[in-house]
Amino acid sequence: MESKENQWSDVLVKSKQGHLKRWLRLLLKSKTGTIGLLIVLLIIFIAIFAKLLAPHDPNQINAAMMLKPPAWVEGGDTDYILGTDNLGRDILSRIIYGSQISLVVGVASVILAGIIGIFIGLVSGFYGGFLDNILMRIVDSFLAIPTILFALVILTVFGPSALTLIVVLGVTNWVQYARLIRGEVLSLKEREFVRAARSMGVRDHKIILKHLLPNVISPFIVISTLSVATTIILEASLSFLGLGIQPPTISWGGILSDGRDYVATSWWLAAFPGLAITITVLGMIFLGDWLRDVLDPREKKV
Amino acid sequence: MGKYIMRRLLQIIPVLFIISFIVFCLVYVAGDPVALMLPEDASQEDILQLRESLGLNEPFYIQYFNYMVGLAQLDFGESFRYNTSALPIVLERLPATIELAVAAMIVAIMIAIPLGIWSATKKNSAIDVVATGGAVIWKAMPNFWLGIMLILIFSVMLGWFPVSGRGTWSHLILPAITLGTGIAAEMTRFIRSSMLEIMNQDYVRTARSKGLKEFFVIHKHAFRNALIPVVTITALQTSTVVGGTLITESVFSWPGLGQLLIQAVNTRDMAIVQASVFIIAFIVIAMNLLADILYKLLDPRITFR
Amino acid sequence: MGRESLLEVRNLKTYFYTEDGVIPSVDGVSFTIKKGETVAVVGESGSGKSVTSLSIMGLLDAAGKIESGTIIFEGNDITKLSKKDRRKLRGNEMAMIFQEPLTSLNPLFTVGNQISEAIKIHQKVDKKEAKKRSIEILKKVGIARAEKVYHSYPHLLSGGMRQRVMIAIALSCNPKLLIADEPTTALDVTIQAQILQLMKELIKDKQTSILFITHDLGVVAEMADQVIVMYAGQVVEYTDVFTLFKEAAHPYTKSLLASTPKIHEQTEKLQVIEGTVPNPNAMPSGCRFHTRCPYVMEKCMNNEPVLTNIHTRHQVKCWLYEEEG
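Residue numbers (this note's numbering), protein chains in the order written: chain L, 1 to 302; chain E, 1 to 305; chain F, 1 to 325.
Careful: at least some of the hints might be erroneous.
One-sided and incomplete, this derived list gives chain L residues near chain E with beta-carbon spacing under 10 Å [as the list claims (entries may be wrong)]:
hint	residue
1	L28
2	F49
3	A50
4	L52
5	I138
6	S141
7	T249
8	T265
9	W267
10	M284
Cβ-to-Cβ under 8 Å is the rule here; a few derived chain F residues that face chain E [stated by the list, open to error]:
hint	residue
11	S104
12	H122
13	K124
14	Y153
15	Q197
16	L198
These are calculated hints, taken from the structure and not from any lab test.
Positions of the beta carbon are idealized from the N, C-alpha and C atoms, including for glycine.
Sequences and hints are given; from them, build the entire structure.
Shown next as structure tokens:
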């Protein structure tokens, strides 16, 4: 087992390219990791090139084409591979466009949560004492309120929009990062290089930025990948409840919510967006598990 | 032990305090409920009068003080939709939610324990591959989507269970499976990895060296040890489970706390929202405390301090 | 020495099937244990001595498999037995004591539970009788407050006490064969002596045979009648304890003896065996010790010597003695 310090000195010694190569080699060794990366890259590609990939305008209402089943089902139309919804809109195109908001909300809120969490975790772990005590009680309080409940309440107050959603999910998720980073800092603080820096009178903020921050990046990367996955589900849940992304912006949760009323007659409305979410999240879990194996040999679980 | 529980209960107070502050701030920022409470043609005078009587013209800290006084008496304010105190309405919905959560937990335990043990003791076998693969896929599936798909298959296509509502056993089955299998996915992974670790312990080999049947080696010696971390982690997930219940209720129109809450959120009935948040937070905290005590009871090495 | 033999291991091969390939941990080991006799197996870690004992007990993990050879216990080849019949022997006819007393007892069950469990399995007695016998055996292994220890959890006991409990469990059904895998290695020196003394006393009038696994030649001198020296999964020297200490023949045994401190002799410094035990999936050709052997010859590198008698009851696997045999 490689110690973390070795890994970081590896980062410093090896050229960036060499490092990338080593990672790639490790990646290809893991089947699920490779699949995960491919799925994630595919989803990003689809989100970026949605305009080129979508066969139809996702908001084009077509009264003549209402509730068409998928192409392979009797009565289906090859023009609408995954069928159409109650307004005659092409499901495939809507799913392709829906990937954009899922990724944007997922990634942006995790970055926001990460910034808050890392900051609080570093400060709390480094200074300890009374400040740490207060911050950790706040963390406990947040943990006692289910994320979705918290998000519901904030969304009631500020009204649903993509931006609110990002802020809401960021503000509710910082807790797990704060806990993780604090734990890391507590153990790093006892290590020689931090003690040495302190005894030489290096300023606090310099120790935090130069010695602690780089060392907490890799655990952060590991859980943030998994966190994007859960955030995508959370966003979809909120949109499904009608409190997340609002039409006309297309989201997977929104399509599902529309489709739910037609489950009895037109299953494809609800089935395909859910499948899209499942595949995306699965890809991120695979990628995240692989990253954990590579970056965090101690297999930390949060 | 009594002392330990007392100390833990005391620790809960600041947490409840912070939660109340967060909730208050949100309600404060949410602003004026008056517009929603009065008919649209209400006069300016009526509005002012209502604001005065609700204490909404007071400064922030006075409002907070009044709010805390109310809270101390378990008064979360009046629901303008139901025109009564919010707490009884919330408590009335609680049994339905607890019923669903307990049923889901039973489903989860019934799936996760045998599956986790099997897949750990027969590592890399077909059972293990199916169990771990299934657990990952289940984790990736949004729970509400699973619910809808179950409705599609078992209610719409097969007609075995009712689509929604509460009342008979058959109403309970699909929501409990939806929520329960979701919890089981995570739990199976925990039990498996915990069992894998324990099966390599020296005392498991000792148990075998006595000539104990493999069944007892696994279920008596290994599983009880594996259970300890599982209990803790499961309790720490109460918050996630409650969150999942809220959504499952919505999918199956289950008349519990979740449905009430989402309604209240949609109509901006803040008294109900506050009371629900409090009750849920309280349940989560209580479960965590229970897990802590259980953990210590399960492991003789830990003494109450 | 005309005693009846209890256990005969013939050409035992135990291989481990791992992701990195097949590892021949035990590669053609043969020896005999007579009734009431103590046989010590000596070797460095990785020499296959623990795997040999686990093969006899039938406690190999899923990756390990007895590839060939026979283990004859009281006239029956136990490698051919069903899992169920094998289990009936364990803890009853043959029992084992492990190296780590701290981790070998289950932390969640009382000492009493863990002893009476073994008694209940094999002796078909009720709870009360099992308890009575458990307390008796606890007293026998020198635990003064047996009643109290019976009800306590392992974490409250010291390492020495826990090893006594382990011995109590192992001897609870009066096994014919006791396998002790480095039972004193993890203990303090004074406790070590007590435990060895205890084991000797307990078997004295019982005709119990012991297979004693150790890397400590001091313990060998104390306990053993016969000694097997193992290197890289094979027996390299097999003789009685007096011969071994007087005229060890194999270069590996000689180096082992030279690396053990002796109180009576004023040696300048202890010898160290150069190099390490070879990697099991890259065994050297010829004699497996040739990479570290001070007497290495041309022949040793390509041709494997055979275990041969150099005297009556003194077998050595080395080319140095080939002509004499």
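*Broken hints, numbered, in rising order?*
1, 2, 3, 4, 7, 13, 15 and 16
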